[in-house]
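Chemist: Once you've looked at the hints, dock chain B against the given chain A.
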Amino acid sequence: MQYYLGIDAGSSYIKLVLIDGDENIVGRHIVPRGADINASCREGYSGLLEKCRLDESAVCGIVATGYGRKQVSFCEKAITEITALAIGGFSIDSNAEIIIDIGGQDSKIIVMDSAGKVMDFAMNQKCSAGTGKFLEVTSASLGVTVDQMDVLSQKADAILSLSATCTVFAETEIISHIAKGEKKENIIKALIVAVASQIQGLFAQVSPGKDGKILYTGGVSQNQTLKKELSVRLNRDIVVPEHPQHIGAYGAALYWKRNKENQTTPF
Amino acid sequence: MESSKSILAKIFTDYYLSGAQAKKEGCPVAYISAFTPVEILRAMGIVCLYPESYAVVCAASNKSRDMIHSSSVGSFAQDLCSYSMISFGSENYPKLPYGGLPEPDMLISTNNQCGTTNLWFSLLAQKKNIPLFTIDYPAPAGDSDALRCYIARQYESLTAFVKKHTAHDMDYSQLSRQVAFSRQACQLWADIHSLNKSIPARIGADKIVNALFPIVAARGTQAACDYYQALIGEQSQSGPAGSTKAVRLLWHGYPMWFLPAKFPGGFDDQFQLVLNDYTLWWNLNYGCDSSDIDSLITAYSGTYLNWSLESKLCWVDKLIQDYALSGVVIHANRSCRRALADIIPLRARLSKKSIPSVVIESDMANPDFYAEEQIKLRMESFKDILKV
Chain A
1 MQYYLGIDAG
11 SSYIKLVLID
21 GDENIVGRHI
31 VPRGADINAS
41 CREGYSGLLE
51 KCRLDESAVC
61 GIVATGYGRK
71 QVSFCEKAIT
81 EITALAIGGF
91 SIDSNAEIII
101 DIGGQDSKII
111 VMDSAGKVMD
121 FAMNQKCSAG
131 TGKFLEVTSA
141 SLGVTVDQMD
151 VLSQKADAIL
161 SLSATCTVFA
171 ETEIISHIAK
181 GEKKENIIKA
191 LIVAVASQIQ
201 GLFAQVSPGK
211 DGKILYTGGV
221 SQNQTLKKEL
231 SVRLNRDIVV
241 PEHPQHIGAY
251 GAALYWKRNK
261 ENQTTPF
Chain B
268 MESSKSILAK
278 IFTDYYLSGA
288 QAKKEGCPVA
298 YISAFTPVEI
308 LRAMGIVCLY
318 PESYAVVCAA
328 SNKSRDMIHS
338 SSVGSFAQDL
348 CSYSMISFGS
358 ENYPKLPYGG
368 LPEPDMLIST
378 NNQCGTTNLW
388 FSLLAQKKNI
398 PLFTIDYPAP
408 AGDSDALRCY
418 IARQYESLTA
428 FVKKHTAHDM
438 DYSQLSRQVA
448 FSRQACQLWA
458 DIHSLNKSIP
468 ARIGADKIVN
478 ALFPIVAARG
488 TQAACDYYQA
498 LIGEQSQSGP
508 AGSTKAVRLL
518 WHGYPMWFLP
528 AKFPGGFDDQ
538 FQLVLNDYTL
548 WWNLNYGCDS
558 SDIDSLITAY
568 SGTYLNWSLE
578 SKLCWVDKLI
588 QDYALSGVVI
598 HANRSCRRAL
608 ADIIPLRARL
618 SKKSIPSVVI
628 ESDMANPDFY
638 AEEQIKLRME
648 SFKDILKV
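One line per chain: the protein sequences are A and B, in this order.
Sequence positions in the first sequence follow our numbering and run 1 to 267.
Sequence positions in the second sequence follow our numbering and run 268 to 655.
Derived from the structure by calculation, the hints contain no laboratory data.
On a predicted model such as this, the values are computed, not experimentally measured, just so you know.
Where a beta carbon is used, it is the ideal one built from N, C-alpha and C, also for glycine.
One or more hints might be untrue.
Stated by the list, open to error - Pairs of lysine to any residue, SDA-like flavour, derived with a Cα cap of 25 Å:
id: 1; chain 1: B; residue 1: 620; chain 2: A; residue 2: 205
id: 2; chain 1: B; residue 1: 643; chain 2: A; residue 2: 71
id: 3; chain 1: A; residue 1: 70; chain 2: B; residue 2: 639
id: 4; chain 1: B; residue 1: 620; chain 2: A; residue 2: 234
id: 5; chain 1: A; residue 1: 117; chain 2: A; residue 2: 203
id: 6; chain 1: A; residue 1: 117; chain 2: B; residue 2: 538
id: 7; chain 1: B; residue 1: 620; chain 2: A; residue 2: 212
id: 8; chain 1: B; residue 1: 619; chain 2: A; residue 2: 201
id: 9; chain 1: A; residue 1: 133; chain 2: B; residue 2: 637
id: 10; chain 1: A; residue 1: 117; chain 2: B; residue 2: 533
id: 11; chain 1: A; residue 1: 180; chain 2: A; residue 2: 158
id: 12; chain 1: A; residue 1: 117; chain 2: A; residue 2: 241
id: 13; chain 1: B; residue 1: 654; chain 2: A; residue 2: 114
id: 14; chain 1: A; residue 1: 117; chain 2: B; residue 2: 647
id: 15; chain 1: A; residue 1: 117; chain 2: B; residue 2: 592
id: 16; chain 1: A; residue 1: 133; chain 2: A; residue 2: 160
id: 17; chain 1: B; residue 1: 620; chain 2: A; residue 2: 211
id: 18; chain 1: B; residue 1: 579; chain 2: A; residue 2: 125
id: 19; chain 1: B; residue 1: 619; chain 2: A; residue 2: 200
id: 20; chain 1: A; residue 1: 133; chain 2: B; residue 2: 641
id: 21; chain 1: A; residue 1: 77; chain 2: B; residue 2: 514
id: 22; chain 1: A; residue 1: 155; chain 2: A; residue 2: 227
id: 23; chain 1: B; residue 1: 430; chain 2: B; residue 2: 296
id: 24; chain 1: B; residue 1: 654; chain 2: A; residue 2: 261
id: 25; chain 1: B; residue 1: 330; chain 2: B; residue 2: 474
id: 26; chain 1: B; residue 1: 643; chain 2: A; residue 2: 259
What the hints assert, rightly or not - Quick list of simulated restraints, FRET-style, between CB atoms:
id: 27; chain 1: A; residue 1: 56; chain 2: B; residue 2: 466; range: 47 to 57 Å
id: 28; chain 1: B; residue 1: 608; chain 2: A; residue 2: 94; range: 32 to 42 Å
id: 29; chain 1: B; residue 1: 532; chain 2: A; residue 2: 51; range: 35 to 45 Å
Here chain B stands alone, though its shape is the one from the complex:
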């Protein structure tokens, strides 16, 4: 059986080559936001690329600081989302990782993760003079007929928008395949996290973060499913990833992509990072709906950041129970306003349940906002609380 490492390398290569190949063959390329219903676009023959994911690659390659500074020179405020700053700063940047993303023919953005993406893509559309389609998800659709109809109508408009600009039609059998693979990949992604429900944990949270790319950028493909199946197989044969005596911790929110380990120091065998809930945000629920479009409505309206505050708090409660967690490190990621707004109620909820927590202020991709000594102090103080 092919190793997970080898499959992941192929997924990376295929993804970055697909853009260049598409441009060469005259195939339309779209930049899409993270929780766009990519299945619809791929079923219409569009090659989809994720600027947010590319910003992560730039941060992990230690290029984000330069790119953000370059963006600032172009009169952007430092307070903007660092992903968007990297995106703008990567324009005209020499020696881009993977040669950079090719120019898009269209842009698709959604507001089921944040409001910034729409503004960012809107600005990109103006700068590049290309069409933009925006999908609005007011809340998780659930059983609400009105909401489902509202989103379904937007999907129809999206299809018409793509057809208008490419003359491509939807391949419905391709759509079904995509949705089936997405559903399967998300199930496998959930299974990987579930490995850490056992004590000791089976797979490091940092290793899960490093396995994120396929669920983000290759959701809806056979390759993503193959990768996660291989990873689960390998993990089940390897030894535990922690000790039974470890204090089990949750990292709430985004990793810090510019750090080699993606999380600051301070976690070890005694204080183990068992789960990062950000990676679980990608465990989209495609449900068991009667049609592919209905499945997509359920999945993409039900993204974590689109939930109500109470739903988010209940979810964290459940994670603490399911994963037997003893404390929570909360990353106050200054780039993500939507996630920042939840921190005080989350701290209050955890305190009521006598779960210690600590807030670490930094950023997902801008190392200028990473203050190592301050973070160390907070982590050390937090560990003092957790010591029995």
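If we strip away everything but chain A, and leave its shape as in the complex, we get:
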């Protein structure tokens, strides 16, 4: 059996997905990104092979995506996250019309046609407002983890507003709220609402159909409060697929497998 590997070299984590010739996922792996992206990807690759009890010789194609995609020295090809997410997202749900992906450094809205071809996309501006990095930095200011933010935000009992969407300025506002004795839970909820507001603005930049299904991917999609807030703001149901962090890596693996077999893809 031959296998295909997709590596999503993100700004926070390296995600890897291995598929077989029938496009079944045979293994997933995730490792934190170190200073040397290539070395982190190598480490992730070895870990994945070990998990799957496979040897490198079984892998006949490697495609990298994500912000560090060009640093991966051992891949056959590098593709953008937009392309990888569209292939991955459409392959797990062919009814999906829109993908919202909130990653560590970038937030993206991808609009696809009924064949899965990317029609439009929008990405966050240069700053980290509306990204996982925003939550990572601000959670550190509050002495909690990003995962804890989800649980704590559900205990909020007041609506606070943050005037700053800039990560640095938001930290200043957090300190000010803490100094006023504001509950941590309420501050966290306000931070999550600020991210949702950024994504809502991004959503307005593209013109998706009115009823298209939304897939919500990326590490931040596991935050239930943010998902709920987004759903209310966009007035749509939002579906978080299984293993939402791995959709880009899955798309990258599929890209190579399909191209290798000369299958027609819309990409």
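Modeler: Chain B in isolation, oriented as in the chain A frame:
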């Protein structure tokens, strides 16, 4: 026939020498904003210099970052227009390109391109303690008698203002010559762009950007017309500037003056930048009005950034049709608030017409706002969409 390159070099030299020469001869010098009716001022013997154009020169000379940082030290926020930041930062800056602009005797600003210019010039007037005249263009005058009268009255006041400060009178025959040359130069400028309506394109959009200076700073002169005539002649004899199979693209908005190519990488023979609409903003319509003043009212009230949103969107629609364009790269230039406001409706309009577009966030003159990797990612993703 003299080459376009040689004429352009002379236009540059003459322009930068004119300021120094004027100071030496005691001739009044004015700093003016880009869409000031320069013809009136020149017809009154004023030497006119453009700080915005000089900011472009500073950015292209890789000096804008230092100048902007120097301006910030003087307590200006980074959020201000980078042209104005460069202008303030160039004060006391060593080794200025072309020796810098000489001190002005007066300032003339307009609001037909942006609101910042008026504030910038107002601050300059305070700092330098020199007179400032501001012209208000509420909208394109068109056939509106009220608007035409309103602007005409301001032109009368401008004439009185100049006379008060210089004792110079208007030379009406000189005004007519200036307006005639401006009209001709703009027609030639439009003709140069039209070369790219053909497939393949005839002249690179980057080459057009590099030919911009005369239409900005030497509008109303014989030299500008000579330059554009020579350039058209040369282009008509040279081969095509692209392939018939290229995906033809529009760059919407300002170039990035600090980049050697003025646009980021990613454009090539397959994905060709055929048109930058910013350069067409300078194709002022001097109309066929009965008087020179009426022509100036038509031209300067009708600048692109003074149009209604719907007019701007219709214009982009027309460019896409006329130039057979397949996609649009939109430069979200953080310095230009007026242009930024149009981006979301423009994207929506393009999407409705199934024209792919991508937004690149950066700045026209501040390299601190240029994130190469982020731009590359957006360009690559955009090209994936455009691939057949």
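Chemist: Honestly, which of those hints from before does the structure not fit?
Modeler: Hints that this structure does not satisfy do not exist here, as all of them hold.
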